Amino acid sequence: MDKKLEKIVQALQEKFGVTHEEFRGEVHVFVKAENIVDALTLLRDKYEFELLSALTATDYYEQHVEPRFHVIYQLSSLAQNITVQLRVAVNGDQPKVPSAAGVYDTANWREREVFDMFGIQFEGHPDPRRILTPEGMEAHPLRKDFPLGYEEPQFTFNYDDIDLKKIYAKE
Amino acid sequence: MAQLEEVSYEPFKHLVSERALTGETMLLNMGPQHPSTHGVLRLLLELDGETIVNAIPDIGYLHTGVEKNMESKTYLKAEVMTDRLDYMNTTGNNLAYCMAVEKLIDLDVPERAQVIRVIVTELQRIASHLVFMGAFGLDLAAMSMFLYCFREREYIMDILELCSGQRMMTTYFRPGGVWRDVPEEFDSAVRNFIKIFPKRVDEYEALLTKNPILLDRLVGIGILDAKTALSHGVTGPTLRASGVNWDLRKARPYIGYEQYDFNVPVRTEGDTFARYIVHIEEFRESLKIVEQGLEKLKKLPGKPVNSDNRKFVPPPRAEVGVSMEALIHHFKFWTEGFPAPKASIYSAVESPRGELGVYLEGNGGPKPHRVHMRTPSFDNLSAINKMVQGHLVADLVAILASIDIVLGDIDR
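Chains as they are written, first to last, in the working numbering: chain A, 281 to 451; chain B, 498 to 909.
Hints are computed from structural coordinates only; laboratory data are not their basis. Wrong hints could be hidden among the right ones.
Simulated restraints, written as ranges between beta carbons of each label pair [what the hints assert, rightly or not]: (1) Y439(A) with K574(B): 53 to 61 angstroms; (2) G305(A) with E521(B): 54 to 62 angstroms; (3) L444(A) with E816(B): 51 to 59 angstroms; (4) Y439(A) with T519(B): 49 to 57 angstroms; (5) V761(B) with K326(A): 21 to 29 angstroms; (6) A891(B) with E314(A): 45 to 53 angstroms; (7) K445(A) with K510(B): 28 to 36 angstroms; (8) D318(A) with K696(B): 54 to 62 angstroms; (9) K445(A) with T519(B): 38 to 46 angstroms.
Taking lysine to any residue pairs in the SDA-like style, the calculated list, with each CA pair at most 25 angstroms apart, reads [to be verified]: (10) K747(B) with Y327(A); (11) K864(B) with A419(A); (12) K574(B) with P421(A); (13) K707(B) with I777(B); (14) K864(B) with G416(A); (15) K574(B) with G662(B); (16) K376(A) with D441(A).
Quick caveat, the model's predicted, so the values are computed rather than measured. For each residue, glycine too, the CB sits at the ideal point set by N, CA and C.
The shape of chain B in the complex, shown without the other chains (with noise of 0.2 angstroms):
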């Protein structure tokens, strides 16, 4: 059998000091396979003892094609792939390709609709921001934390299991609406949720927020300014723990978040600290929304929950086995799917790790030609060399963990 090569650094050449080169500095391999790394992420450190001059990032391990897939899909079927993608957030991955196939073929959704969207992401967005918690915590060591942020997160994967039948793969929101309207139980679980989860989010402040160990860890490590973030495309809370007030809720409002009161937490140091108190302050701005929405739900009762436009969304099935043209878009709408016109746009949504957009271009027939998901994980990610020059490689650990990359997002 043959030998594994021996793994060679030459590529990397360039990338690194000259110190590297007359071997002054040390050239280490973290990942891919490394617990800290958050998926399957390769890091190429160079160290001056334990001090990182250099970190060279190697992605693609999870690499799976799927902008090459969806074009081999009709738009709905594409939709499932888009799940996969960010798989902590899988419904806010639904909304930017359902509101980019909306904007494509101009198809309004109905009002109740949206309130649902906007529950839902929003949960899902505490739901990604627990794992966050949790992960951030594991890497600092604090072990307990990753233990009660998946306590909270499962009342929400209880949530979306009552809505979609799944607790993760949900593809819950569909071009022209959602799939089906919430079941009885859906008011109810959110309130308890609503109940309990203020006081478990003052829990974590009191575990993590004061205490002297992680503040030593924290403040003043991965300091990313302004200026450089925006260079490299960095959004989301990221962003705004750097001191910009940018989250597209805000700046352009979709599905009727002008209609909602919440803050946008901004921090101006830009350190880890700052990161960690984004993510923190975001929870109880996301239970604000959910609150709000529940109300307008309210006063929406029975009112549809998808397009009643035929020709892009199937008719319900009461009506498949009396009407012929109900039959016949049914047909249609399950074999061939539905066409989109020869254009293209870009519509972006705020994720809660911050810009996903999708640039969607149609032909004319069932498939669209080109899908291309800007993932904010990827320019994220970009940073990183900017932030851990400098620091030790455990501070590597935690500024990685506050950044909240996601693979599955980086790689696509």
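Just chain A, with the same shape it has in the complex (with noise of 0.2 angstroms):
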């Protein structure tokens, strides 16, 4: 590990009893869901990690563990040329993190997209809609329980014709 990095890691760990993990020279960190809005304050403000590069979930329901889903916050530090990544582990039923809008501005829209797939739920959003599906679909299609394909777009606004072609979907 980096020695920079190494230090920022140690400093997680006293300050959030955080652990971490390591692969193919990248860091991942586990720090709990109550901890994130603070750590993600104390990287930005003390470690100069200006740019969160990604921010994105992924679902482990075919495995039948929990917590089901873990949140990935990317982190790039421009001034010291460095990167690391934060995970929020989070539990299948009525998963719930605190929002990082405050923090970064870019968490505003990752995380709606976030909550638009996977249906993780930001505490204290200042903008929690969907953001990618339309309006009002109740699904959650980034989830691994949400099936692929099956369901004919709807390329008509002539609802004569989508109740036709859709019966189900008045049932």
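Got two chains here, each in a separate frame; can you build the complex from them with the hints?
As structure tokens, this is what we get:
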């Protein structure tokens, strides 16, 4: 592990009791959900991680493990040229994570995307709407228990047409 | 037949100012069918007269579920979908994905393949910037720019067709190398382009850079300061125009970028004009890289362009007929695919729009468990509200053109 990074992981360990893993030179730090906002603030303010490169999630439904979801925060520091990944494990039953939109502006849209795709609630999010799928959709497509396909895309606004083709939608 | 419902602004209530609720400011819908939103982007504008108070982007009209689809395909077949994300930078997307796969399965790529990757990626960067420049001119009523830029882009499309057989959806790079070596005509075709193009860039500059009408519309418009840009995750030329010298090709060199001599254009103004100039200068820098790449390629004639690790790269066709192992590998590769470890990696490249990152997670089988494309346009667009506040609607068009968004990249 990079020396600069080692110090940072150590600081996180002392403060939040995190664990970490390493794979192909990347460091993944596991943070508890209640600490994530503090951890991100600390990394941004003290260790110059100015850029939240990515915020996404992954679903372990098929492996029947709890916690079912991991929310992933990929951070970059431009000043020191290092990256670190924070991971928050979230239970499958009513998944909830505190929102990081107050720390990084980009988390606003990225959290909306994760909510849209995985149904993970971000508590305290300023704008908790769906972002990619249409309003009123109930499923969360990137969950592993969401089937791929089987539904004909709707290319018309002629409601009689839609009703005719999708009888099941009315039932 | 049922009537279409009236568009409701109810969901956006908390995003507009209080004046909108009393009817003092006007809400105007722009897009999704609008020529200057570069695709199917809908913007809800809150206007005070002609001045923008708030601009609320509404995206997702082009959402195709690429990430979900990739989970059901083998690593190789999933690559085809990456072309369709940012359709102006197809080989760049391939590169990001291939590098992620190579990192996950720990696969080396021979040098000749790396050099080919650099040349083709930089040509694609120029092509992408040409579309930017053309659309930028078009949005600012400089119609001829569009025609000129697409004329030059055609050279690059021809080169891509030479290499891969396709103009746009190339899927030319594969995990472990490239699909096949470049043809003989490649060198002369690229050299021809290098000869022509610098003069053409000068022509664009003569048309636009000092044009007083254009300057009036660009200078001081849509200023984005560095801190806001970073907080919004803005990367690429948009970030560099705001005075942050951050280019992944320099910061974390990949595919051998450390061996090339090039500069990273940076401007400090952060306005629309700065973003335009950064793009113009990147034309010249990319051309420099292409030229050096050709020299490197000359020194590596006949060298392999694919890894010889038969577990991850198919054997050459000639071997399949004579070698039993090759036949087995060929069969296993094309039916089952190759397995990747149960782990996750994140790898990022500098696309023409910014940091194109791929989060790739394997589950021990031949299909990815999760692929996430961190697309630069998504974050770049999220900063639009900060850029357009207080400007006119006509300026919004210029600002939107200057951040160079591709809707396929945003909605995935």
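Taking the hints in turn, this is what the structure says about them:
1. Y439(A) with K574(B): 53 to 61 angstroms: Because 37 angstroms falls outside the window, the suggested range is violated.
2. G305(A) with E521(B): 54 to 62 angstroms: 56 angstroms, holds
3. L444(A) with E816(B): 51 to 59 angstroms: Given about 55 angstroms between the Cβ atoms, the range holds.
4. Y439(A) with T519(B): 49 to 57 angstroms: 35 angstroms, violated
5. V761(B) with K326(A): 21 to 29 angstroms: 28 angstroms, holds
6. A891(B) with E314(A): 45 to 53 angstroms: With a Cβ separation near 48 angstroms, A891(B) and E314(A) satisfy 45 to 53 angstroms, so the hint holds.
7. K445(A) with K510(B): 28 to 36 angstroms: 34 angstroms, holds
8. D318(A) with K696(B): 54 to 62 angstroms: 56 angstroms, holds
9. K445(A) with T519(B): 38 to 46 angstroms: Since K445(A) and T519(B) have Cβ atoms about 44 angstroms apart, the given range 38 to 46 angstroms holds.
10. K747(B) with Y327(A): Status holds; Cα separation ~21 angstroms.
11. K864(B) with A419(A): 23 angstroms, holds
12. K574(B) with P421(A): 21 angstroms, holds
13. K707(B) with I777(B): OK: K707(B) and I777(B) at ~13 angstroms, within 25 angstroms.
14. K864(B) with G416(A): Roughly 31 angstroms separates the two Cα atoms, so the pair is violated.
15. K574(B) with G662(B): 18 angstroms, holds
16. K376(A) with D441(A): 39 angstroms, violated
In terms of the numbered hints stated before, the structure departs from hints 1, 4, 14 and 16, listed from lowest to highest.
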